[in-house]
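Got two chains here, separate frames each, mind docking them using the hints?
Protein sequence lines correspond, in order, to chains A and B.
According to the numbering used here, the first sequence holds residues 1 to 357 in order.
According to the numbering used here, the second sequence holds residues 1 to 496 in order.
These are calculated hints, taken from the structure and not from any lab test.
There's no promise every hint is true.
[Said to hold, decoys possible] Beta-carbon label-pair distances, calculated as ranges: (1) I216(A) <-> D59(B): 33 to 39 Å; (2) A172(B) <-> N268(A): 51 to 57 Å; (3) G236(A) <-> L6(B): 23 to 29 Å; (4) A315(A) <-> L178(B): 49 to 55 Å; (5) V228(B) <-> G236(A): 51 to 57 Å; (6) R262(A) <-> V477(B): 39 to 45 Å; (7) I17(B) <-> L57(A): 47 to 53 Å; (8) V201(B) <-> E245(A): 58 to 64 Å; (9) F135(A) <-> P14(B): 45 to 51 Å.
Quick caveat, the model's predicted, so the values are computed rather than measured.
By construction, the Cβ of each residue, glycine as well, lies at the ideal position given by its N, Cα and C atoms.
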Amino acid sequence: MSSTPLIEVGPGTTGLGSGAEREFTVEARTQWSLIRRRFFSHRLAVGSMILLLAVVLVAFVGAALWKYEYTATALGPGSTRPTFDGIPWLDGDGVMLGEHPFGLDNAGRDYFATTLRGTQQSIIIALFAGILGTFIGTVVGAIAGFYRGWVDNVLMRIVDVGLTIPLLLLAAVIARRSGDIPGLSWFFGENSILLFGSEPDNVPVIGDYFGPNSIILLAIVIAMVSWLSISRVVRGEFLSLREKEYVEAARALGASNGRIIRKHILPNVVGTVIVNVTLLISAAILIETALSFLGLGVSTSDFSLGKLVSDNDNAFTTRPWLFWWPGLFILTISLCINFIGDGLRDAFDPRQTRERR
Amino acid sequence: MFFFILRRLLVSIPLLIVSTLLVFWLVTVSGDALAPFRNRPGPNGAQILAQARQRLQLDVPFIERYWEWLKGVVRLDFGTKANGQQVYPILKDSMITTMRLVLLATVLSIVIGLVIGIISAVRQYSIFDYGTTFASFLFFSLPVFWLAVLLKQFGAIELNNYLVSPTVSVTAAIVVGLIVGGLAGALTGGSWRRRLPVFGVAATAAVALILIADATDWIANPGISAPVLAVFAAGAGVLSAMAFAPLSKSKVLIAGVAAALVGFGASLLFDSWLEEPSWWMLLQLLAMSLAVGVVIGLAVGGFDRAAAARAGVMATILVGMLVMFDRFISAWTPGRTIATVGPQTPNLSGTFWERMVDYASHQVLPSLALALIGLATFARFTRASMLETMNSDYVRTARAKGLPATQVVLRHGFRTALIPVMTIITLSFATVIEGAVITENVFSWRGMGTLFVNGLREVDPYPVMAFLVVVSVVIVVMNAITDTLYAYLDPRIRSE
Numbered sequence: 001m002s003s004t005p006l007i008e009v010g011p012g013t014t015g016l017g018s019g020a021e022r023e024f025t026v027e028a029r030t031q032w033s034l035i036r037r038r039f040f041s042h043r044l045a046v047g048s049m050i051l052l053l054a055v056v057l058v059a060f061v062g063a064a065l066w067k068y069e070y071t072a073t074a075l076g077p078g079s080t081r082p083t084f085d086g087i088p089w090l091d092g093d094g095v096m097l098g099e100h101p102f103g104l105d106n107a108g109r110d111y112f113a114t115t116l117r118g119t120q121q122s123i124i125i126a127l128f129a130g131i132l133g134t135f136i137g138t139v140v141g142a143i144a145g146f147y148r149g150w151v152d153n154v155l156m157r158i159v160d161v162g163l164t165i166p167l168l169l170l171a172a173v174i175a176r177r178s179g180d181i182p183g184l185s186w187f188f189g190e191n192s193i194l195l196f197g198s199e200p201d202n203v204p205v206i207g208d209y210f211g212p213n214s215i216i217l218l219a220i221v222i223a224m225v226s227w228l229s230i231s232r233v234v235r236g237e238f239l240s241l242r243e244k245e246y247v248e249a250a251r252a253l254g255a256s257n258g259r260i261i262r263k264h265i266l267p268n269v270v271g272t273v274i275v276n277v278t279l280l281i282s283a284a285i286l287i288e289t290a291l292s293f294l295g296l297g298v299s300t301s302d303f304s305l306g307k308l309v310s311d312n313d314n315a316f317t318t319r320p321w322l323f324w325w326p327g328l329f330i331l332t333i334s335l336c337i338n339f340i341g342d343g344l345r346d347a348f349d350p351r352q353t354r355e356r357r
Numbered sequence: 001m002f003f004f005i006l007r008r009l010l011v012s013i014p015l016l017i018v019s020t021l022l023v024f025w026l027v028t029v030s031g032d033a034l035a036p037f038r039n040r041p042g043p044n045g046a047q048i049l050a051q052a053r054q055r056l057q058l059d060v061p062f063i064e065r066y067w068e069w070l071k072g073v074v075r076l077d078f079g080t081k082a083n084g085q086q087v088y089p090i091l092k093d094s095m096i097t098t099m100r101l102v103l104l105a106t107v108l109s110i111v112i113g114l115v116i117g118i119i120s121a122v123r124q125y126s127i128f129d130y131g132t133t134f135a136s137f138l139f140f141s142l143p144v145f146w147l148a149v150l151l152k153q154f155g156a157i158e159l160n161n162y163l164v165s166p167t168v169s170v171t172a173a174i175v176v177g178l179i180v181g182g183l184a185g186a187l188t189g190g191s192w193r194r195r196l197p198v199f200g201v202a203a204t205a206a207v208a209l210i211l212i213a214d215a216t217d218w219i220a221n222p223g224i225s226a227p228v229l230a231v232f233a234a235g236a237g238v239l240s241a242m243a244f245a246p247l248s249k250s251k252v253l254i255a256g257v258a259a260a261l262v263g264f265g266a267s268l269l270f271d272s273w274l275e276e277p278s279w280w281m282l283l284q285l286l287a288m289s290l291a292v293g294v295v296i297g298l299a300v301g302g303f304d305r306a307a308a309a310r311a312g313v314m315a316t317i318l319v320g321m322l323v324m325f326d327r328f329i330s331a332w333t334p335g336r337t338i339a340t341v342g343p344q345t346p347n348l349s350g351t352f353w354e355r356m357v358d359y360a361s362h363q364v365l366p367s368l369a370l371a372l373i374g375l376a377t378f379a380r381f382t383r384a385s386m387l388e389t390m391n392s393d394y395v396r397t398a399r400a401k402g403l404p405a406t407q408v409v410l411r412h413g414f415r416t417a418l419i420p421v422m423t424i425i426t427l428s429f430a431t432v433i434e435g436a437v438i439t440e441n442v443f444s445w446r447g448m449g450t451l452f453v454n455g456l457r458e459v460d461p462y463p464v465m466a467f468l469v470v471v472s473v474v475i476v477v478m479n480a481i482t483d484t485l486y487a488y489l490d491p492r493i494r495s496e
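Extracted from the complex, chain B is given alone in its bound form (with noise of 0.2 Å):
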């Protein structure tokens, strides 16, 4: 397997040179680099332009200046901008921008793009399935900039004049609630009798919680109370016991519950820890975690132990989620709004969280507008790859052996459904750095596109090429995950 990406890995540096070679011309060919400094008035005007043009290498052959530069990029030597500037620092800095950027966008859609897909191919031609059918071609038919300004002016000003008195009517709480009730409804199978039900009893309890919400507050001061928070860790215990095991399975039920209730109570236990936590810290807790899980879930298991040690690390991972959750929203004030102009506000200081909520109210938008449209195509590409898995045999024989439904969707189908929507994934992580280019355009952050579109604009080949290095990097590493996780999903790839 090594050798195998090793020498994929190898194959794609000629790839590389030619593609970078081809870009190096194209943008030295694209323009006049020296249009600012023609026509200078004053006597010298001409020592200038010959100045110039020799500090951006102008005289020298093109083919050597590539040379050059190649030579650099060994020693992450980036070369010079125009106006004398390293370009390897820029690009530091708006490559962690745009990564920010991108990487929330991609885990926001791959995540909720691959729920949908699941969803609506279990429950194939329903009204949720029509529903999300829709709106998928509908989010990839939206120019993504027409859909950045909708969320400027909706996600943002409005949103934010709301949040000033944030107040619910009743009438507003009804239509919440009726349309969080239909989608609960239209998430169960089954008859109008099964379907009912669940839509009253959704409906009514959103319409209760955003009652109490708004009697209390909640919204302008939100926050988790620890009884609330607990009742949470339990549920979360449950839902991850019933995604390995049937609920039958008392020793499975037992580990996702004990492995939840000892992972809230360590939250207590680090509370110090929580209130000005550092990346490491933050590490190391989920690094315990996990081992909390596993320990709980072999010790309690039995002969589940299997099953109970991975519901154990599922439950510790959703509680310690909830726990930062909540930590993350009581940071929240008032005051702070979503953000439209850059990635976080100059000059920032404040807690640990406090300056998350800042960087998270720069980011929603943005990351949103990209996310969007990258989840319509997984949502509909998971769906048609689950149902042609689900309509496979040996799901029938899962099904006919008496696996809960669980089991069966996420352990057969989802996991050989993964195969091609692994590959559109990697494939769209490029694709999502250029829509950046776009995106960061509109909520005028100066990331990589803003590095590219600018030496576009002023013929300098070197952020743009900057610029392509990165991409291509990101495509080669992409393609070498995707081939480590074809091996790990497909067993036929590994005895190859």
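So here's chain A without its partners, still in its complex pose (with noise of 0.2 Å):
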């Protein structure tokens, strides 16, 4: 098992030279910079990179430039076929977009619009989703680790509560009732009646109380199941990290407990907590998809590419164009996230690294 020594030969040098004639022609690097050499030297990673910005770019800047809006109904007869022709040996037409790339729906929506709007809605779902998860789960897990005694076996048996409560549920419940948060009469309950609501309430989808900044609101129920595994996670980190001697000499230093956490432990963490946060993003992606296919998630009106795919799943053999398009952006975005974060892994763990060809 090879370890990368902390210096390394800078590309001028020839690496072979006597030791004075070496030490005084390397380059010293910092941590950074070798995380960040490691990571663009995988070429994996790095291509997943590009393509994933290529994607949020088309998807934001695109769809804003874009001549349909995907509100727009009844632009032509229902599902028409796509006009997007990438395969250029085939017919030999070329590459071309056409007039409506990916087609129209049923509702003679055009499609490549509607699959925009879609990736907007997941990309800002998974990224706040997966941003805030770590956050908390961050922060509770620097507590807990770092405290240790009733503080931490506080917060981690509500992790383990947490961990048996259903997503779905609790986006069920977030759904139904959170029309009544700005009161927040639900959470105390006046009298047990009120517990059961006042009026019925049969709306089962977040996204219709809050309009369009609902896809906020799915996010933080994401996030809200999300962050106990991550918070697990850096309380392990932290155990071990507060014993090391470096903590002790900041302590004897006079340091706070919030300087060591911040300036000492924090810094030796920021690796996995890193790569935790791709693989959080990706499993929001999932979980957005996967609560929108039962009906728990954006708004009726409003499109992700869950939605997308569940409204879709039965029309595969007649409009299967319906079905493939929003399920590859789906895959693309979390397969780039997923090797990104591979390459985050492999940067940050210098055990890890490999010669790569």
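Listed below in structure tokens is the structure:
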């Protein structure tokens, strides 16, 4: 097992010079530049990053420039075939987008615009959920691991209980009851009858209460379950790092607990955390699609990739493009994020680096 | 050890109580259970509403309802649904359905995932490694339901169309042959010089087999004739000997092959049992084959008794599986095809094996959808864990003292590598049950996922609670199993 030295030989030197010569010509590298270098030598990860950026660009900028709005219906006869042509050697027309690259759906919407809208929503949800979940998880894990004792006990029991609560249930509760949140009356329950709702509320979709901003609420629901596992990982790291000599040294110098956590331990956990962010984001995309599939996701009048697939899963034999395109977008985004995460793991963990051809 | 596990179980009881309490509360506040009874036309609308409220016990404070439920669960009474049905009988049926789905998926994904993980770690940076790594990433980037719909289309509808008149063109045979050869070549390590012959032999054999199968119409009427089965059995014997000792140890080899052939002979002897077996008979046969394997191993083994007995047991089990497989595919009739709806054909009758074929044809796709995703995780974890152990000092020692490669990989490397993988496997079991919610939805199974989702939809806490209790019990039991297996795999834990 090869271990990467902290000082690597720069590109200008041969690396074979005598000891003295080497000592003066090598260039010291910081931890971060090493990590950056290792990441950028992971070709698959870099390729995935470029592809992901392209998808994001198309979804946000491309959708804004595109000639059709995702809300416009009846642009032509329903279920028109796609005009996108990416395989020029089959018919010789060359690569072209055409009038409706992904065709039209049953309501005559431009499916390209719809898919891009769905991609935007899914990306926002996943990013927000991933980052929020990681933030909460890291803070809780850090506090539990650093202070140990009863704080740790209480926090970890909360995590244990949280892990048994099904996500679907949480989503359903928030979906049906979030309309009452401003008064928070449902939370405290003035009387038991109020707990069961004073008016019929059979709107099971989160989005229908909060309008366009509802995806943030959906992201919060996903974050509420996804921080749990991160907090356990971070706690484990903190438990071992807090016993290290340099932490003892910092304490001997009079550093406060907060300073030790922020300046001494957290930087050493950051690799684990960043890798977990990528895992969470890709998981969040899949969770969002699953929720939308079961009818607990974005608003009924809006789109996400999961909702597009679930709306069209019966159309597979007759109008396959309605099923394929959003699915391929989910797959591309999730796959890219996973590969980036793999590259980051290699970059942060020098023991795992390998010689790449 | 027993007290250790008991302590773990006792500690989890308060956790279970808190989490069930929380879930009970969440379900009751999640909506209006009385929605269907509101706004009833007619003069007695208010009366119906009041009746429903009383029947659903909505006039009782929530904590008292929970207490009643908790007292009931101890007596296996899971409460009644809003429409008056008892939850327990429904739970029993749906649990069997879901467990069938989940168990098969888990077993499949564990076996295939571990094998892929081991091979890709031993052949690190080979084509096989890169291929499986990419495939694993692909599988856990896939939404389950998207995969399930694809499987339904290509694994069922198109395959069924094909099975109406299954013929293989020569081109298709050659393509499949090239793939098989490529796989075999990728699995073999070393230089191109060593791989090319493997590739050639495997590819030609595959093409020849496919063409023979096509010419004899095997795909429509599959089955293995007795002589071929005997050859396969002998091969299984050699394989099991190889797994436990180098082939130069002739006594282990003899034990393996002898046990396999005795097993094959016994299958002819018990032919009438196998025509129409019951699960109990099959269990007896399994016990017998285990005993036969051990006895033959001990009798023939000499100094290598232990290895020979292991090889004997593995050989008899492999042969048993072969015989069962033969029975199974013989019961296949061309009319029966892969199904996409429900766990079995309603009002099913027929012989044991025909029923098995029916179950399998219903089960294969949903289980595959679940298994492919778990498989990717297991393969990745096994690979990482194997790489770590294979680079450790004691594995180098084992190699240095001249142990054969299979021994080093399986008994020194894999056994240690299994410890962290165990945790992932047991943890994932609960995730798979929850993933089954979606799979059941796509393939219209009425299992625990349906129970859960419908309970949620109707704001009825009892079915949801039943689901939660089952999942929690599974988690607790799985944790206990993990602890026991830890102690078996890692002797240091035992001495603690």
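A quick look at each hint next to the structure:
1. At about 38 Å, the CB distance of I216(A) to D59(B) agrees with the hint of 33 to 39 Å.
2. For the pair A172(B) and N268(A), the beta carbons lie near 56 Å from each other, so the given range of 51 to 57 Å is met.
3. At roughly 26 Å, the beta-carbon separation of G236(A) and L6(B) lies within the given 23 to 29 Å, and the hint holds.
4. Taking 49 to 55 Å as the suggested C-beta distance range, the pair A315(A) and L178(B) does not conform, at roughly 35 Å.
5. Separated by about 54 Å at the C-beta atoms, V228(B) and G236(A) satisfy the suggested range of 51 to 57 Å.
6. Roughly 42 Å separates the CB atoms of R262(A) and V477(B), a value that falls within the hinted 39 to 45 Å.
7. For the pair I17(B) and L57(A), the supplied restraint of 47 to 53 Å holds, since their beta-carbon distance comes to about 51 Å.
8. The supplied range of 58 to 64 Å is met by V201(B) and E245(A), whose beta-carbon atoms lie about 59 Å from each other.
9. Evaluation of the 45 to 51 Å hint for F135(A) and P14(B) yields a failure: the beta carbon distance comes to about 29 Å.
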